[in-house]
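K.L.:
This is what each chain is made of:
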Amino acid sequence: MMADGVLEAPYLNLDDPAFSIRSKAVRDAREHGWYARTPYGLAILRYSEVGELMRDQRLRQGSHKWPAHNKAAGMFADWWVRMLLNRIGDDHARLRRLANPAFSPKLIATLQPKFIGIANELIDAFGSAGHCEFMSAFSEPYATRVICALFNLPHDEWRELATNAAGMGLALGVTYKADEATVNNATGRLFDYSRALIAQRRRTPGDDFISLLVQANSDKDALSDEEMDDMVVLAVFGGIDTTRNQIGLAMGQFIEHPGQWRLLAQQPDLARAAVEEVMRTRPTTTWVTREALQDFTYNGLDIKQGTTLHLFAESAGTDPSVFKSGFDISEPRKQHYGFGGGTHHCLGHFIARGDMTEALKLLARRVVNPAYDGEPVWLPDSGNTGPVKMNIKFDPEL
Amino acid sequence: MKICVDLEKCKLHGQCIIAAPDLFVFEADGSLHWIEQPEETQRQAALDAADVCPEQAIVIEG
Numbered sequence: 011m012m013a014d015g016v017l018e019a020p021y022l023n024l025d026d027p028a029f030s031i032r033s034k035a036v037r038d039a040r041e042h043g044w045y046a047r048t049p050y051g052l053a054i055l056r057y058s059e060v061g062e063l064m065r066d067q068r069l070r071q072g073s074h075k076w077p078a079h080n081k082a083a084g085m086f087a088d089w090w091v092r093m094l095l096n097r098i099g100d101d102h103a104r105l106r107r108l109a110n111p112a113f114s115p116k117l118i119a120t121l122q123p124k125f126i127g128i129a130n131e132l133i134d135a136f137g138s139a140g141h142c143e144f145m146s147a148f149s150e151p152y153a154t155r156v157i158c159a160l161f162n163l164p165h166d167e168w169r170e171l172a173t174n175a176a177g178m179g180l181a182l183g184v185t186y187k188a189d190e191a192t193v194n195n196a197t198g199r200l201f202d203y204s205r206a207l208i209a210q211r212r213r214t215p216g217d218d219f220i221s222l223l224v225q226a227n228s229d230k231d232a233l234s235d236e237e238m239d240d241m242v243v244l245a246v247f248g249g250i251d252t253t254r255n256q257i258g259l260a261m262g263q264f265i266e267h268p269g270q271w272r273l274l275a276q277q278p279d280l281a282r283a284a285v286e287e288v289m290r291t292r293p294t295t296t297w298v299t300r301e302a303l304q305d306f307t308y309n310g311l312d313i314k315q316g317t318t319l320h321l322f323a324e325s326a327g328t329d330p331s332v333f334k335s336g337f338d339i340s341e342p343r344k345q346h347y348g349f350g351g352g353t354h355h356c357l358g359h360f361i362a363r364g365d366m367t368e369a370l371k372l373l374a375r376r377v378v379n380p381a382y383d384g385e386p387v388w389l390p391d392s393g394n395t396g397p398v399k400m401n402i403k404f405d406p407e408l
Numbered sequence: 002m003k004i005c006v007d008l009e010k011c012k013l014h015g016q017c018i019i020a021a022p023d024l025f026v027f028e029a030d031g032s033l034h035w036i037e038q039p040e041e042t043q044r045q046a047a048l049d050a051a052d053v054c055p056e057q058a059i060v061i062e063g
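Chains as they are written, first to last, in this note's numbering: chain A, 11 to 408; chain B, 2 to 63.
It should be emphasised that the hints constitute simulated quantities derived from the structure, not laboratory data.
Keep in mind that the hints are not guaranteed to be accurate.
[As the list claims (entries may be wrong)] Here are a few chain A residues that sit away from chain B, every Cβ distance over 12 Å (derived from the structure):
| id | residue |
| --- | --- |
| 1 | Ala135 |
| 2 | Ser138 |
| 3 | Glu167 |
| 4 | Glu170 |
| 5 | Ala188 |
| 6 | Ile208 |
| 7 | Glu301 |
| 8 | Pro330 |
| 9 | Arg375 |
| 10 | Glu385 |
| 11 | Asn401 |
[As the list claims (entries may be wrong)] Which residues of chain B face chain A? A few of them, derived with a C-beta cut under 7 Å, are:
| id | residue |
| --- | --- |
| 12 | Leu13 |
| 13 | His14 |
| 14 | Gly15 |
| 15 | Ile19 |
| 16 | Asp52 |
| 17 | Val53 |
| 18 | Pro55 |
Heads up, the beta-carbon is just placed ideally off N, CA and C, and yes, glycines get one too.
Throw the hints in and build the complete structure from the sequences for me.
P.N.:
Here it is in structure tokens:
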């Protein structure tokens with residue numbers, strides 16, 4: 011399948027639930043060279059190569075192979091291959107242009123007071139106790155209610171949305187097969203929710219994203235019924251699960267680097283940089299994939315058509331040839347690849363950056379001296395990752 | 002109206018090409034090419050491209 015030289019590259023077993031993107035094996039492989047072998051194609055390990063291959067026109071987004079690689083079947087797998095991430099060319103551009111206005115930086119800036127309001131309300135509920143289970147007390151309701159604010163959904167529906175998003179999120183982890191029924195049930199429920207929402211917006215249009223899709227759908231060539239349903243499911247799922255996990259990962263990083271948390275509390279203007287530093291060193295999306303559209307040679311390596319490349323965001327983000335070691339929110343850093351890049355660059359990154367900035371700013375001020383209260387429970391480190399449960403203790407607010 | 006692209010910030014994601022395909026294009030060598038002074042009728046497309054750039058590298062002057 012590939013050139014002879016590739017057989018000498020280190021092998022990383024991404025299918026092993028114990029595999030970690032932060033393991034010595036990955037560090038050693040990155041030291042050895044810019045790529046490693048995996049059960050499905052190659053892992054790309056260094057900053058420069060990840061950046062170049064991320065937007066190389068000879069590759070396409072590779073996630074459409076996910077159901078085949080995982081022998082996945084059912085509603086999630088069917089939706090997965092149809093939705094925006096796995097569209098290419100003119101079809102992808104048409105759908106992306108439709109979605110872009112709902113996620114524009116100008117629109118997100120107007121939501122900032124709502125982000126602050128939601129965050130403060132959530133911290134009010136546990137601040138004086140001096141302890142909480144951080145994911146259910148903050149990360150999950152915050153990420154979900156931000157999506158409610160963005161799409162003008164009733165906030166009291168957040169728990170159902172969060173549960174379904176988390177259920178679907180299990181698909182992107184290494185234990186997928188064991189969770190397949192949960193994943194498909196959650197997908198079914200989110201489709202039911204989305205269709206009811208679309209019907210409601212058809213009756214009573216607003217100026218939100220769902221109403222905009224309904225309006226576009228009046229021309230079925232611009233947006234078909236199926237594409238509209240798929241887009242609503244993507245917007246809700248994509249916005250909730252990744253942000254939930256990323257905020258949990260942020261709290262973990264700062265608990266392990268208490269000096270940085272104090273620095274952020276003293277200098278809240280560093281919150282935006284803090285988001286970037288967390289995503290550089292501890293991204294929830296541990297890799298994105300690409301697939302070769304043709305045979306080509308890159309950096310002396312022959313890559314055959316159909317080869318899958320896993321672009322390792324964390325490995326690139328901590329590449330010692332580019333980044334000074336350590337976790338430091340005051341250190342100027344190059345751009346990380348936690349939001350992917352190229353044609354399929356994360357659609358929701360302005361909102362994710364905006365809402366996490368406000369969350370970290372307020373948490374650093376109000377959750378003082380946080381520490382783990384027992385060992386957190388983590389999703390496997392292979393595939394999309396984050397805390398399942400994270401009990402924390404801190405100085406109670408007076 | 003003038004389209005300015007900060008090539009230090011630009012990471013060649015190509016989102017501007019998706020948003021405004023009549024104004025932005027990748028050359029065969031992979032570099033970004035754009036119409037610097039488009040017609041006034043293209044203003045919305047130019048603004049969309051600036052808005053959508055993940056690195057916010059595009060500025061519309063005038």
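K.L.:
With reference to the structure, classify each hint as holding or not holding.
P.N.:
Structure-based check of each hint:
1. Ala135: For A:Ala135, whose nearest Cβ neighbour in chain B is about 35 Å away, the distance exceeds 12 Å, so it holds.
2. Ser138: Fine: 40 Å to the nearest Cβ keeps A:Ser138 off the interface.
3. Glu167: holds (29 Å)
4. Glu170: Given a closest Cβ separation of 31 Å, the condition holds.
5. Ala188: Since the minimum Cβ distance to chain B is about 35 Å, A:Ala188 lies beyond 12 Å and the statement holds.
6. Ile208: holds (25 Å)
7. Glu301: Consistent with the label, A:Glu301 stays out of reach of chain B, its closest Cβ about 17 Å off (over 12 Å).
8. Pro330: holds (21 Å)
9. Arg375: holds (27 Å)
10. Glu385: Correct as stated: the minimum Cβ-Cβ distance to chain B is 36 Å, above 12 Å.
11. Asn401: With a cut-off of 12 Å, A:Asn401 remains clear of chain B, as the shortest Cβ separation is near 35 Å.
12. Leu13: holds (5 Å)
13. His14: OK, holds: B:His14 within 7 Å of chain A, min 5 Å.
14. Gly15: Because about 6 Å separates B:Gly15 from the closest Cβ in chain A, which is inside the 7 Å limit, the hint holds.
15. Ile19: holds (5 Å)
16. Asp52: At 5 Å from the nearest chain A Cβ, B:Asp52 passes the 7 Å test, so the hint holds.
17. Val53: holds (5 Å)
18. Pro55: Interface hint status for B:Pro55: holds (5 Å vs cutoff 7 Å).
Violated hints: none; the structure is consistent with every hint.
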